[in-house]
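*Asks:* We have chain B; now place chains P, L and C onto it with these hints.
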Amino acid sequence: MTYVLTWVGLMILLALTCASSYFPMGNWNSVVNIGISCAKGLLIAVFFMHLRHAGALLRIVAIAGLLWLGILFGLSWSDFGTRTLSPAPWVAR
Amino acid sequence: MPTTPFDSTLERREADLLGIWAFLVTEVLFFGPLFFGYVHGRLTHPEAFTAGSHHMHVVLGTLNTAILMTSSLTMALGVAAARGGRKSLRTWLVLTALLGLAFLGIKASEYWMESSEVAQASGAELTFYFLYFAMTGLHAVHLTIGIGIVAWLWRHASRYGAAYHSPVEVTGIYWHFVDVVWVFLYPMFYLLQRYSA
Amino acid sequence: MTWLPAASDTAQSVDLLFYSVLVLTGLMTLAIFALMIFFGVRYRAGSPADRTNPPPRKKWLELGWIFTPLAIFIGIFVWGAVVYAGFYRGGPDDAMTVFVVGKQWMWKAEHANGRREIDELHLPLGQPVRIVLSTEDVIHSFYVPAFRIKQDAVPGRYTSIRFTPTREGEYWLHCAEYCGTDHARMGGRVVVMAPAAFAQWLERGNQNPSLASQGFELFRRLGCSGCHVNSTVHAPDLAGVYGRVVHLSDGRTVVADEAYLRDSILLPKRDVVAGYEPIMPSFQGQLDEGQLSALITYLKENQ
Amino acid sequence: MTWGYLGEGYTLRSWLTTHDHKRIAVLYMVAITAFFFLGGAAAALMRMELATPAGDLVSANTYNKLFTIHGVVMVWFFLIPSIPSVLGNFLVPLMIGARDMAFPRLNLASWYIYVLGGLFTAAALIAGGVDTGWTFYTPYSTRFSDTNVVLVIVGVFIVGFSSILTGLNIIVTVHKLRAPGLTWFRLPLFIWANYATSLILLLATPVLAMTLTLVALERLFNVGIFDPALGGDPLLFQHLFWFYSHPAVYIMVLPAMGVASEIIPCFARRTVFGYRFMAYAILGIASIGFLVWGHHMFVSGQSMYAGMVFSMLSFLVAIPSAIKVFNWTATLYKGSIYFSAPMLYALGFVGLFTIGGMTGLILASLALDVHLTDTYFVIAHFHYIMVGGSVMAYLGAIHFWWPKISGRMYPETMGRIAALTIFFGFNLTFFPQYLLGWLGMPRRYHEYPPEFQVLNLFSSAGAAVLAIGYLLPLAYLGWSLFYGKRAPANPWQATGLEWQTGSPPPQHNFDAEPVVTRGPYAYDPVR
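Chains as they are written, first to last, in this note's numbering: chain B, 4 to 96; chain P, 296 to 492; chain L, 36 to 338; chain C, 1409 to 1935.
Keep in mind that the hints were calculated from the coordinates and are not lab data.
Note that the Cβ used here is the ideal one computed from N, Cα and C, for glycine as well.
A couple of the hints might just be wrong.
[Unchecked claim] Quick list of simulated restraints, FRET-style, between CB atoms:
1) B:G38 to P:G400: 53 to 59 Å
2) L:Y311 to B:L60: 55 to 61 Å
3) B:A18 to P:Y406: 22 to 28 Å
4) L:G320 to C:D1464: 37 to 43 Å
5) L:A66 to C:T1419: 26 to 32 Å
6) B:Y25 to P:S411: 24 to 30 Å
7) L:I101 to C:L1828: 50 to 56 Å
8) B:A18 to P:S410: 26 to 32 Å
9) L:R202 to C:L1828: 43 to 49 Å
10) L:I101 to C:I1534: 39 to 45 Å
[To be verified] Far from chain B, some chain P residues (derived; all Cβ distances over 10 Å):
11) V334
12) H350
13) M364
14) T386
15) A397
16) G400
17) W407
18) E409
19) E412
20) A416
21) S417
22) H451
23) A452
24) G456
25) A458
26) L487
For reference, chain B alone in the conformation it holds in the complex:
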């Protein structure tokens, strides 16, 4: 049964993410966390939500939401990310 296999996969990933947070990896910790969460999300979407044999339309719709969030995060990063580049208000010397 593919569903049970998917479930087992999810459990393994859960254990992995929980364990990985106990190894000091600095910024890599959050990268690993996000990666595993995306993997779990993908597993659920493809198997449980039947995107595996869903039409192209449903797949595009599924991705659209995340893509638009990406626009919000990406373009506003152009503000928050570059605030420190332009010199501080008082730069004199």
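*Replies:* For chains P, L and C alone, kept in the frame of chain B given last:
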């Protein structure tokens, strides 16, 4: 009741699927600003968020994630049962609802335990707690709605069979979405630099 | 209806850009209107015009009116961006700094030598000036139409804008970001004077101590010197800290600029210096913007 | 001459529990007309106040509440629902040969949610109004305003879901219920426009709902992500708000473009010029519209580099709009143009939208925006696009499809007089505001320097003419309901599917399932 605008139930099922997926897009974007606030807070005040995260109960969080993913499994099996017209639909729906309630129970106990810590949080750590309660609270509200719909399906389980089962399928997709949201919330709140706890 | 004077260096370049874009877009608009009227008259119902096979599409025409405007727009964008950068990029650093604090429905300006004024701002002719803005409550926006400059004052941080007055006279000052009941009354006058008259004006008026000395007085009164100046408490020495590269406890390195000093005073636990404990109390809410900028000026000049 | 869907039931209950998309459209039309005149009244009061430099007609607080209610009501209760919910609901099923929307019950729920949101906003108005401006900028809205901000936020939150449901309905209907033979590139441009608008409704409105909730939470429990003392940043709010609000202005103008693309080919008796480019331009506006929100924040403390990124993208979004204006003009070439009332409205729309678009270019350029933002130049710019564009196109659409909606013909001469009055009154009101903006009069000012009085007087006089212009259609369209000539099935010999069924159409829209064999605008010029 006017005749449905569709010619066949197949056409109706496709429309329902497109409808629920379009609705999930709005849900993803509804959670968007909260994730946006979280990312901004995390980048500008890492130490306050880490401190806040250390007050969380990791064991309960991990258990909750396991419970919710199991409920996704039972929901998926329920949808398969509905498609096959099997009687086991009712049992899967009951299991899903019970797991959902278990999740809410653990969540409520966590809230109760953490409410004392929130009192003396201040500055950016207060924002962490606000985001924690706002996001997990909104998730819990969505879960409660999900449990309500599953209960409603359970009462009308006899109606669904191989010919007509789109309500079960639609609820299944909604349930899995709520699970995916929790999958992202769990590491964000519980697993911040656990090694230095 | 007086025409708007161009009283700063930026004003001239903004005017030039505005009139050229106005002419360009005006021509495009008139061309479209002329075409519509011409077609309207020529092809009105019942007119004997030749209507054989109206073209449903023309590939090259449609691509033409995509890429031609695109090229023009990129030109306007670059020109505008270059002039815009002049407001913010640090020009020759002889710019005179004036701290302007927005407070619900008044502008409080303070010159480097401590001379204060409310809803008034005196500036010397021909000398580049940098306005450093902060606000004590909501968002305000420092707007002088004659200089073509506008900059929001955002709570929680400093914002600044840079220009050079080029014409003597009195000009309107407005608040351009809605800030409550008397948003419309929150404004005043900007007076541009000859440099000599300005220097003389700066010395006259209420003689309060210079910003740096006010900062030093605060440095003692609030107890900063208790820990940071040869004391038993293990706290970083602040002499000459401005401009230095600081190594933080979590491995990051930061240049100690005004924003860093400000955040260290208000949110000390955020960027703790390597090798020190986060024991410094936060001064959030005890200092208003004026005192904060005085303290930071003192730290800057205490080389 | 049966009364079609209007004759299906005369009781109030039959109207309030209908699932028929045509009746729901009429319910929406009544509701938004009421809100239009509420917003209009606020605008009239403001223009009267601004006739004199001193703040003598209303107090500063009242003026602030007036422009807030004008903004909130006009944006969320008139402009956003006007064409998608009224004409979209009525025409989308008719134009694609469907019996009804995909989810009829959801459609009715959307109207009730709209009314509920309206009640909350009206309650906020009665309880003393709100003075934060329709933009709700923090920290004024969260900490310093003492008016009932939370009540109006609940109202806007609820009405947001009403437009999400309408958008959802239109998207699923266009995807799943097209008549046989109706491929995507045989769809009328009105459908393309409403489809793209629904995409924006679905992708942008939820962000607004959550952002306003965060403002309400921060106001009630003073905890949140916008307060600098708690490590937040007021610019977070502006990013989130404008991420919704710029696509929202495209929600308001895109359907108007769809209407113009229907009316102009019909009265020029020829196919639209460059159909494919027009369809792609609609999708282009909808997608690039999401990338440009930062141009509202050039002077708000946003970093210089972000300003440049958003300025460049704002110039890109102007390209599809330019394509559409050029195509509308080219559609007149070699046509046989009949200047009926809808045509006057449509040509007025193209003209005023062009002026609005050109001044948008001026505002997109960084250096000019520093001087012009938050002044009356911006007010004139967006009113040229919203009032000159969307409202003119909405009125043109109401006149063009009035035979289909009411089964009656409107009086032609009165229609033309109203169109010209509105065009003249509009220009007299808003063109002086461009000059005021360049001269440096900030927006949302209850008092202003005396030297601006002459231009403000022109503007206030124009507002009076505009008010009369808007009252005319209300009068003669109402009159036409009872005494207007009975409308034939296709009074304009137009080519849309909606003209192949009776007017007003029967409840189930089409007696025989229509089959589509040709492209949308197959007009033969010689009539």
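*Asks:* Flag every earlier hint the structure violates by its number, smallest first.
*Replies:* Hints 1, 5, 7, 10, 11, 13 and 26 are the ones this structure does not satisfy, whereas the remaining hints hold.
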